[in-house]
Structure formats: C-alpha cells, structure tokens
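> Sequence:
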Amino acid sequence: MTWVFQLGLTIESVLNILGAGTFLLYPEWCLSYTVSTPKVPASAATLWQTYAVLVLALTFPILLCIPNSKGVFEKRKIIFETLVAGEVALVGLLLWHAVKPAEESGFMRSGLILATLNLLPALTWHSFCIWGVPGLMVESGSVDAGREKEL
Numbered sequence: 003m004t005w006v007f008q009l010g011l012t013i014e015s016v017l018n019i020l021g022a023g024t025f026l027l028y029p030e031w032c033l034s035y036t037v038s039t040p041k042v043p044a045s046a047a048t049l050w051q052t053y054a055v056l057v058l059a060l061t062f063p064i065l066l067c068i069p070n071s072k073g074v075f076e077k078r079k080i081i082f083e084t085l086v087a088g089e090v091a092l093v094g095l096l097l098w099h100a101v102k103p104a105e106e107s108g109f110m111r112s113g114l115i116l117a118t119l120n121l122l123p124a125l126t127w128h129s130f131c132i133w134g135v136p137g138l139m140v141e142s143g144s145v146d147a148g149r150e151k152e153l
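Its first residue numbered 3, the sequence shown is counted upward by one per residue in the working numbering.
Hints listed in this document are in silico derivations from the structure and should not be mistaken for laboratory results.
Being a predicted model, the structure only gives us computed values, none of them experimental.
For every residue, glycine included, the Cβ atom is placed at its ideal position computed from N, Cα and C.
The reader is advised that the hints may include incorrect statements.
[What the hints assert, rightly or not] Listed next, with one range per pair, are the computed distances between beta-carbon atoms:
hint	residue 1	residue 2	range
1	Leu20	Pro69	13 to 23 Å
2	Leu97	Val16	40 to 50 Å
3	Pro69	Pro40	43 to 53 Å
4	Tyr35	Leu66	28 to 38 Å
5	Glu106	Gly73	42 to 52 Å
6	Met110	Ile80	32 to 42 Å
7	Leu116	Val16	44 to 54 Å
8	Pro103	Trp5	44 to 54 Å
9	Lys41	Lys72	44 to 54 Å
10	Ser34	Lys72	23 to 33 Å
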C-alpha cells in the first residue's frame, strides 16, 4: 500500500507547486476574488506571495519523503503532523476572520469560507494518514513494515 501513499505525496506536491506558483506570479489576480475592496492592496499581494513561498518550502520535505528509505515512516509522520498543525491553525484563523465584518478583516466572507474549504481536503488526507491508516506511511518490505500491524 506504500505506492498509494507515494502517489498521494506526488499529487500533493504537484498541486502545491502549481498553486504556489500561481500565487507567487499572480497574487493580485488570486486575491481579486476575495478582498473586500475593488483594488488589491499591495501589502496583501506581498503577504500572499509570502504564503506561496511557505507552501513551496513545506513542499520540499514532502518531495524528499516520496522515495522509500530507512526511517521514512518517522520522517513522513513528523511532516504530516507539522502540516496538520498548520492547517488546523489556518482553518481557525480563516473562520475567525469570516465571522468579522468585511471592513474589519479586509476580505469577503465568501472568500474566507472558500479558502477554508480548500484546506479541508489536505487536512483530511494528512489526518487520515496519521491517525486513520498510519500503515500507509510505512515502507513496504522494510524492517518498519512489521510495525504496520502495531499501528
């Protein structure tokens, strides 16, 4: 079943790179659907590009743990736990701002809700792999594979 996990990591990495590339190169276009003002503030565009760079930085360890290697389970687990922590925090932050008036948050409620909904598939995938079926993260045919039944 490790190939399923490796396929998931590959798909996640490709989507992250494509999405972050779009965020980095076209921040005004991306934000134009969410900001509450007709013009996207330059500061918001800069912060959006910062977010894109962070997505790319967090994608790098995902790419590194696609191949099976010694200790890969522990590497994958810590990466996914880190991603879940960030995604939970982002969902909370976005929903907190979604209950505020648009003038206060600077974003339309619909844009914040949509951003939250876009994080849920990744949060679900990461949570499923950590707590649902952690055996997916174990290298097939390794010493760690015996731990799959314990997990």
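> Looking only at beta-carbon atoms, does the pair Tyr35, Leu66 fall within the given range of 28 to 38 Å?
33 Å, holds
> Does the Cβ distance between Pro103 and Trp5 fall inside 44 to 54 Å?
48 Å, holds
> Quick one: are Leu116 and Val16 within 44 to 54 Å, going by C-beta?
The hint (44 to 54 Å, Cβ to Cβ) is violated, given that Leu116 and Val16 are roughly 21 Å apart.
> That 23 to 33 Å hint for Ser34 and Lys72 (C-beta), does it hold up?
47 Å, violated
> Within 32 to 42 Å: is that where the Cβ-Cβ distance between Met110 and Ile80 falls?
36 Å, holds
> Given a hinted range of 43 to 53 Å, is it respected by the beta-carbon distance of Pro69 and Pro40?
Cβ of Pro69 to Cβ of Pro40: about 48 Å, so the range 43 to 53 Å holds.
> Holds or violated: the 13 to 23 Å window for the beta-carbon distance between Leu20 and Pro69?
Holds: the Cβ-Cβ distance is about 21 Å, inside 13 to 23 Å.
> Please test the hint of 44 to 54 Å on the beta carbon pair from Lys41 and Lys72.
53 Å, holds
> Range first: 40 to 50 Å. Now tell me if the beta carbons of Leu97 and Val16 are that far apart.
28 Å, violated
> Look at the Cβ atoms of Glu106 and Gly73 and judge whether their distance stays inside 42 to 52 Å.
For Gly73 against Glu106, whose Cβ atoms are near 47 Å apart, the range 42 to 52 Å holds.
Taken one by one, the earlier hints fail for this structure at numbers 2, 7, 10, listed in ascending order.
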